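*Asks:* Sequence:
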Amino acid sequence: MKKVILAAAGVVALSITASAARAAEPVTVMTYIDAIPDQFVPQNEEKAQVLLKQMNADTQSEPGLVSFTILRETGRPNHFALLEVWKSEGDFATHLAAAHTRKFRNDLQSLIGSPYDTMVTIAMR
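According to the working numbering, the sequence shown is numbered sequentially starting from 50.
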């Protein structure tokens with residue numbers, strides 16, 4: 050019984066150590082945004098672009114930001130992607146909690162045709 054408890058404690062300690070190590074490494078975040086096309090809601094894609102550009106400007110001064118790039122799909126101009134690189138997962142979490150990020154997501158809700166699709170990644174080793 051004592052061996053099982055010690056083994057479980059070891060697994061928890063390794064898990065906490067791995068989480069702490071992961072929290073200190075850079076993260077790359079991809080967010081896909083599908084705005085409702087202009088053919089259904091006139092000027093919608095342009096409204097989304099304005100919000101995305103403002104988000105980019107507001108994010109540039111955040112601590113821990115390495116890069117923030119807005120991409121637009123060539124064949125479907127209502128599809129956007131945000132490519133963000135942060136020094137740590139904690140920096141990204143701080144960004145998510147920022148007032149301008151919450152405002153951006155709230156304002157964007159009426160313009161999108163599908164839920165936010167965000168993937169937080171770390172480099173494979």
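No lab work stands behind these hints: they were computed from the structure.
The reader is advised that the hints may include incorrect statements.
Said to hold, decoys possible - Here are the computed lysine-lysine pairs in the BS3-like style, where the Cα-Cα straight-line distance is at most 30 Å:
1) 152 / 96
2) 136 / 152
3) 152 / 102
4) 102 / 136
Claimed, not checked - Restraint-style ranges between C-beta atoms, simulated for each label pair:
5) 173 / 99: 16 to 26 Å
6) 168 / 102: 21 to 31 Å
7) 92 / 165: 16 to 26 Å
8) 80 / 139: 15 to 25 Å
9) 137 / 90: 15 to 25 Å
Computed from a predicted structure; not experimentally measured.
For every residue, glycine included, the Cβ atom is placed at its ideal position computed from N, Cα and C.
*Asks:* Against this structure, judge whether each hint is valid.
*Replies:* Each hint, compared with the structure:
Under the criterion of a C-alpha separation no larger than 30 Å, the hint pairing residue 152 with residue 96 is consistent with the structure, at around 14 Å. Only pairs whose Cα atoms come within 30 Å are accepted, and residue 136 paired with residue 152 is accepted, the gap being roughly 23 Å. Between residue 152 and residue 102 the CA atoms are separated by roughly 13 Å; this keeps the pair inside 30 Å, and the hint holds. Our distance criterion of 30 Å between C-alpha atoms is met by residue 102 and residue 136, whose separation comes to about 22 Å.
Separated by about 36 Å at the C-beta atoms, residue 173 and residue 99 break the suggested range of 16 to 26 Å. In this structure the supplied range 21 to 31 Å holds for residue 168 paired with residue 102, their Cβ-Cβ distance being about 22 Å. With their beta carbons about 21 Å apart, residue 92 and residue 165 fall inside the hinted range of 16 to 26 Å. Separated by about 18 Å at the C-beta atoms, residue 80 and residue 139 satisfy the suggested range of 15 to 25 Å.
The hint said 15 to 25 Å for the Cβ distance between residue 137 and residue 90, and at roughly 38 Å that hint is violated.
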